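Participant: The residues making up each chain are set out below.
Protein chains: 4
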Amino acid sequence: MFFASDNTSGAAPEVMAAVLRANDGYETSYGADAAMQRVTAAVRALLEAPEAAVYLVATGTAANALALATYCPPWGAVFCHQDAHIAVDECGAPEFYTNGAKLVLVPGDHGKMTPDGLAEAMARTGEGGVHGVQRGMLSVTNVTEAGTVYTPTEVAALTALAQAKGLPSHLDGARFANALVATGATPAEMTWKAGIDVLSFGGTKNGCLGVEAVVMFDPVKAWEFELRRKRGGHLFSKHRMLAAQFEAYLQDGLWLRLAGQANAMGARLANGLAAIPGVVQKHPVQANMMFPEWPAGGHTRAQAGGAQYYAWDLPDGREGARLVTLWNTTEAHVDGFLAALRP
Amino acid sequence: MFFASDNTSGAAPEVMAAVLRANDGYETSYGADAAMQRVTAAVRALLEAPEAAVYLVATGTAANALALATYCPPWGAVFCHQDAHIAVDECGAPEFYTNGAKLVLVPGDHGKMTPDGLAEAMARTGEGGVHGVQRGMLSVTNVTEAGTVYTPTEVAALTALAQAKGLPSHLDGARFANALVATGATPAEMTWKAGIDVLSFGGTKNGCLGVEAVVMFDPVKAWEFELRRKRGGHLFSKHRMLAAQFEAYLQDGLWLRLAGQANAMGARLANGLAAIPGVVQKHPVQANMMFPEWPAGGHTRAQAGGAQYYAWDLPDGREGARLVTLWNTTEAHVDGFLAALRP
Amino acid sequence: MFFASDNTSGAAPEVMAAVLRANDGYETSYGADAAMQRVTAAVRALLEAPEAAVYLVATGTAANALALATYCPPWGAVFCHQDAHIAVDECGAPEFYTNGAKLVLVPGDHGKMTPDGLAEAMARTGEGGVHGVQRGMLSVTNVTEAGTVYTPTEVAALTALAQAKGLPSHLDGARFANALVATGATPAEMTWKAGIDVLSFGGTKNGCLGVEAVVMFDPVKAWEFELRRKRGGHLFSKHRMLAAQFEAYLQDGLWLRLAGQANAMGARLANGLAAIPGVVQKHPVQANMMFPEWPAGGHTRAQAGGAQYYAWDLPDGREGARLVTLWNTTEAHVDGFLAALRP
Amino acid sequence: MFFASDNTSGAAPEVMAAVLRANDGYETSYGADAAMQRVTAAVRALLEAPEAAVYLVATGTAANALALATYCPPWGAVFCHQDAHIAVDECGAPEFYTNGAKLVLVPGDHGKMTPDGLAEAMARTGEGGVHGVQRGMLSVTNVTEAGTVYTPTEVAALTALAQAKGLPSHLDGARFANALVATGATPAEMTWKAGIDVLSFGGTKNGCLGVEAVVMFDPVKAWEFELRRKRGGHLFSKHRMLAAQFEAYLQDGLWLRLAGQANAMGARLANGLAAIPGVVQKHPVQANMMFPEWPAGGHTRAQAGGAQYYAWDLPDGREGARLVTLWNTTEAHVDGFLAALRP
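Chains as they are written, first to last, in our numbering: chain W, 38 to 380; chain V, 38 to 380; chain C, 38 to 380; chain A, 38 to 380.
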């Protein structure tokens with residue numbers, strides 16, 4: 038019963054099979070492999086973006102930091118939620134890759150920026166002429182770090198504010214598939230149709246070994262991105278191993294099936310928790326991650342039952358948890374957890 | 038008949054099998070996996086360095102750039118051969134990761150620095166007080182970019198000059214196994230016993246998917262390295278996939294067997310070439326990479342025979358080539374190439 | 038009647054005379070001038086810090102950014118007030134010089150951090166292991182951007198929190214003299230005796246042409262600072278021009294007399310404003326800068342009377358202003374302003 | 038008898054008088070002063086460049102590093118002479134400000150690049166696709182570090198190679214006036230008419246306190262430059278002090294008169310040295326700096342006579358020197374030196 042992180046599971050069988058196949062024979066290195074051509078075509082097709090530039094890297098932090106550095110100058114401000122992964126969990130990678138851009142943190146309930154909150158942050162940034170950093174870009178995370186989901190309309194309301202200031206917008210889609218499944222939106226609706234210029238398209242958390250795509254809908258900065266990727270040490274020599282993963286991930290809708298399973302198990306878990314007296318969700322449960330709080334004793338019972346997850350004590354004597362359901366979480370896992378937790 | 042690059046082959050079967058096994062079940066992420074503990078122990082044992090800090094990344098450029106940044110301040114000079122990979126083939130990754138250190142290029146025949154050449158470069162650097170960059174560190178590549186090999190004694194002669202100035206020394210061992218096989222040196226003899234402080238220990242070119250170890254013989258900078266790795270986007274969430282590769286790579290001497298095959302095929306190829314009239318090696322052939330030159334017509338014949346390699350024309354009408362033998366190059370590959378090339 | 042900024046006035050006559058004298062003859066360049074030796078001795082004496090390293094630069098942004106870069110690693114967090122000059126008015130110079138450190142903004146009334154606010158910010162930073170930036174250092178501004186002043190006791194309460202985490206502390210003393218005059222503290226009491234490790238000791242705003250000292254109470258990083266200063270382009274060739282200013286500035290207490298005049302005129306102005314119906318100070322007036330608010334019409338009258346200052350309209354129909362008194366503001370200036378403003 | 042450096046003298050009386058005048062009264066800060074408007078107009082007029090963007094900083098290293106960072110991306114190569122000030126004497130400031138661009142060093146006799154040498158360096162840079170740094174820009178120093186001078190035709194031959202690759206060109210004119218006087222070229226002929234895009238226009242070495250202009254002939258990057266200058270800590274609050282210097286420097290041809298004196302004294306010194314048996318110039322003497330070599334004993338005699346200059350011993354027993362004549366060097370100084378040196 039593993040609910041600690043999307044990263045604790047391995048890769049889906051289809052992805053591993055593709056990696057095994059890709060390992061045979063000889064292939065051109067550094068991204069000039071045939072599989073990458075197929076990946077580019079597939080990503081363009083599903084995003085309805087025939088001109089988009091598509092690149093692969095192995096970690097989400099690399100995808101985000103390279104995307105930000107390509108679109109935000111060193112003297113720019115990146116507007117993001119105060120709990121965004123880029124702000125909290127990347128050890129300053131955005132600042133490193135941008136050569137010192139500043140993350141301007143926008144508050145907001147349940148991990149989501151509101152248009153008012155973003156507008157307020159934009160209004161107090163970049164108004165000091167040369168003395169302050171300039172408005173640089175927007176970064177939206179979907180699924181958020183609180184496990185909530187922006188609809189395309191909500192994303193568009195934020196990017197509209199950015200566009201009004203002439204700023205590009207980034208979507209951190211480490212859990213992009215989960216966000217699409219949760220909202221029923223198409224990839225295009227969630228991205229360029231909602232004003233997104235550059236997308237971190239996650240694979241690792243959702244059934245890959247380690248691969249993320251960066252998609253730039255306008256390819257004008259494609260070569261700059263390639264140079265930044267190489268310079269960051271993120272260009273794989275045996276690049277076909279990344280391409281094979283992502284090709285299998287997209288094939289026949291695997292990526293959405295995997296996220297669908299994770300989200301469905303998330304809903305099942307949330308429903309089960311709602312039926313246990315004293316359990317309260319800190320945030321609305323909309324995808325595959327939740328933050329329930331329950332009376333003292335829950336951790337002991339759940340862990341005795343074999344559950345693994347992030348657990349902490351709350352000041353009021355109650356207990357808090359982060360629970361993540363995975364592409365390979367089963368109903369038995371969920372039900373087993375609920376049975377263990379139940380007093 | 039693939040002689041273009043070490044990177045065009047896949048991973049060895051033992052490595053792939055380990056990755057498959059590692060994919061099962063659940064595992065702690067971000068380097069806290071059990072396999073990494075075994076990798077650390079194995080690396081320490083074979084390097085006879087029980088205190089060494091050991092970290093894994095996925096690319097050689099990342100390994101080198103992070104190693105340099107950890108040991109050289111931004112105002113430092115990195116002394117290296119003028120054809121070193123860090124100088125020529127990493128798109129400025131060392132400068133990026135060090136925040137602007139300067140690579141001071143040392144000339145030398147056949148890809149190798151001489152003590153005199155290094156001493157001369159050191160003598161004219163850092164003598165201008167605060168006005169010039171300071172001497173920072175030494176970086177030696179073994180196997181060199183010319184396919185030649187330093188003996189431990191030769192490495193020690195260079196590191197002694199660095200130590201005399203109080204500088205640490207780095208070994209870029211993207212082809213570390215090939216250098217050991219070529220010289221018969223032990224890993225310890227080629228590294229810390231020869232004055233090396235930090236090692237890029239290559240796996241990718243020699244039968245892995247994509248994994249390199251960075252070994253710091255004095256672990257005092259271990260935590261700094263971890264922060265730099267994370268900040269560079271090089272900490273894998275599903276880190277076990279790196280650890281599984283490297284564990285299999287080291288197990289039962291696989292890494293040395295693979296390099297042994299590549300070097301043996303290199304010697305067979307060199308011997309065969311020596312028997313063809315008009316073929317001259319630009320550099321001594323000491324490992325698995327060579328730069329032969331031959332009369333006009335060779336490229337046409339070899340490529341017609343199915344050979345793939347880097348080929349160019351020389352000003353004098355002759356032709357030049359880079360040929361790399363791989364862990365899975367066979368005698369049949371070599372002999373087929375020679376047959377095709379022969380007039 | 039100039040109240041716009043400390044920077045709109047020129048240099049004090051004593052400072053200009055020293056510059057003129059320094060211009061005669063020949064002098065060793067790049068900081069090896071005899072005047073710099075005298076400046077170092079004088080700064081050490083008045084700070085009661087016989088070992089301190091003392092360097093001069095020409096701008097406050099350079100002093101702050103170099104001080105921060107010398108004490109905070111790229112992966113560190115600099116804790117500072119949310120309105121600090123380093124956060125708001127330096128166009129990201131701290132991020133540039135530190136190679137991407139993160140400023141963690143601490144709220145607090147009237148421009149001042151409270152121990153509780155700082156403790157809260159420290160508690161939520163650097164607890165994520167390698168994933169987040171690490172706690173790096175503290176930076177306190179005195180006089181604050183709100184015109185208020187920390188007592189040495191208040192500074193010590195903040196630095197104690199930093200020391201408890203092993204962090205160094207910086208004092209941005211662009212208006213250091215004004216803070217000393219306001220509190221009656223000695224330079225030592227306000228700095229190292231209160232836990233400060235590195236001081237930006239301002240001259241420009243208080244009667245110099247353009248010179249700030251950076252003082253490191255422990256000289257262990259002196260050489261690193263020199264290299265960072267040179268590398269930042271802040272080492273003056275005709276350095277004696279900086280040294281001459283600072284020598285004159287410190288001589289016979291000139292610096293405290295100039296700040297004393299500015300503060301006294303600040304008090305006179307505040308007293309006069311308090312006597313005008315409807316005038317309210319946004320922050321306590323403790324030095325030479327204040328932010329009064331008054332009923333509509335004040336700007337028109339004051340500007341008609343010849344006053345220059347930063348003026349804005351408030352949402353409620355009232356008006357806001359920033360007024361700065363200078364080393365050469367006179368009673369006539371203050372009284373003239375008050376007469377003009379009075380309805 | 039001071040021949041050590043241009044930086045050992047003070048400012049010309051006209052410059053000091055202007056600084057004194059500028060100190061009176063109140064003035065808008067941060068470059069919005071009236072004097073700066075006059076400086077911009079004067080620089081544009083004398084360069085015949087009515088659209089040029091003109092900015093002031095206080096040091097030559099700042100001027101150069103900011104100019105390079107504005108025109109060269111982090112993954113670019115800056116082609117320059119191997120003895121260029123930016124390569125040797127700025128402690129890596131170009132690498133710092135560009136975020137890690139690489140200086141590609143071009144050899145050449147007497148401090149000057151030749152078109153063939155530059156073409157060769159360009160040919161071996163940036164040909165490796167994404168793996169190597171890209172060609173970024175050209176930087177030419179005039180007067181060179183060897184005291185020699187490029188004619189406009191020679192500059193144009195170099196910039197033509199840059200333009201053929203689409204690269205911008207920088208002129209490091211720390212001794213710009215001396216180069217103009219030496220060649221008789223107009224400012225326009227030596228810069229934009231010879232293909233220069235951005236100029237470091239020196240004042241400090243030639244009779245100012247500390248001021249250099251950066252001139253961008255196409256102003257499209259003006260705002261970026263302003264942000265980089267602020268972010269580097271090089272925007273002066275009491276900016277009028279820089280503007281006053283440069284205004285006086287340009288007024289009535291003062292700058293050319295000062296350089297004319299320095300160059301004339303250089304010629305007188307060179308002529309006198311030529312008449313002393315055994316004295317040989319290492320480089321042609323074309324401006325105000327020379328590198329004579331003479332038999333043993335010269336240093337002792339010259340220094341006994343009161344001469345100050347950089348002196349060293351040569352391996353063959355002879356002696357070497359760097360002698361710089363200044364804007365205020367007199368015939369008496371020169372003749373006194375010659376008399377002292379003469380055996």
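Think of the hints as simulated: they come from the structure by calculation, not from any bench. A hint or two may mislead.
Claimed, not checked - Selected chain C positions facing chain W (in silico; Cβ < 7 Å):
| id | residue |
| --- | --- |
| 1 | 112 |
| 2 | 125 |
| 3 | 170 |
Stated by the list, open to error - Ranges of calculated distance between the beta carbons of each label pair, as one might list FRET restraints:
| id | chain 1 | residue 1 | chain 2 | residue 2 | range |
| --- | --- | --- | --- | --- | --- |
| 4 | C | 83 | A | 71 | 54 to 64 Å |
| 5 | A | 54 | C | 288 | 16 to 26 Å |
| 6 | A | 54 | C | 144 | 42 to 52 Å |
| 7 | V | 78 | W | 257 | 17 to 27 Å |
| 8 | C | 342 | A | 69 | 35 to 45 Å |
| 9 | C | 319 | W | 315 | 30 to 40 Å |
| 10 | V | 340 | W | 71 | 49 to 59 Å |
| 11 | A | 71 | W | 153 | 34 to 44 Å |
| 12 | V | 146 | A | 83 | 48 to 58 Å |
| 13 | A | 153 | W | 256 | 50 to 60 Å |
| 14 | W | 332 | V | 62 | 25 to 35 Å |
| 15 | C | 164 | A | 156 | 50 to 60 Å |
| 16 | V | 157 | A | 197 | 31 to 41 Å |
All values derive from a computational prediction rather than experimental measurement. Glycine residues also receive a C-beta, built at the ideal position from the N, C-alpha and C atoms.
Participant: Please go over all the hints and tell whether each is borne out by the structure.
Facilitator: Results for each hint:
no.: 1; hint: 112; in the structure: 5 Å, holds
no.: 2; hint: 125; in the structure: 6 Å, holds
no.: 3; hint: 170; in the structure: 5 Å, holds
no.: 4; hint: 83(C) - 71(A): 54 to 64 Å; in the structure: 37 Å, violated
no.: 5; hint: 54(A) - 288(C): 16 to 26 Å; in the structure: 24 Å, holds
no.: 6; hint: 54(A) - 144(C): 42 to 52 Å; in the structure: 50 Å, holds
no.: 7; hint: 78(V) - 257(W): 17 to 27 Å; in the structure: 49 Å, violated
no.: 8; hint: 342(C) - 69(A): 35 to 45 Å; in the structure: 23 Å, violated
no.: 9; hint: 319(C) - 315(W): 30 to 40 Å; in the structure: 47 Å, violated
no.: 10; hint: 340(V) - 71(W): 49 to 59 Å; in the structure: 20 Å, violated
no.: 11; hint: 71(A) - 153(W): 34 to 44 Å; in the structure: 42 Å, holds
no.: 12; hint: 146(V) - 83(A): 48 to 58 Å; in the structure: 52 Å, holds
no.: 13; hint: 153(A) - 256(W): 50 to 60 Å; in the structure: 38 Å, violated
no.: 14; hint: 332(W) - 62(V): 25 to 35 Å; in the structure: 32 Å, holds
no.: 15; hint: 164(C) - 156(A): 50 to 60 Å; in the structure: 56 Å, holds
no.: 16; hint: 157(V) - 197(A): 31 to 41 Å; in the structure: 34 Å, holds
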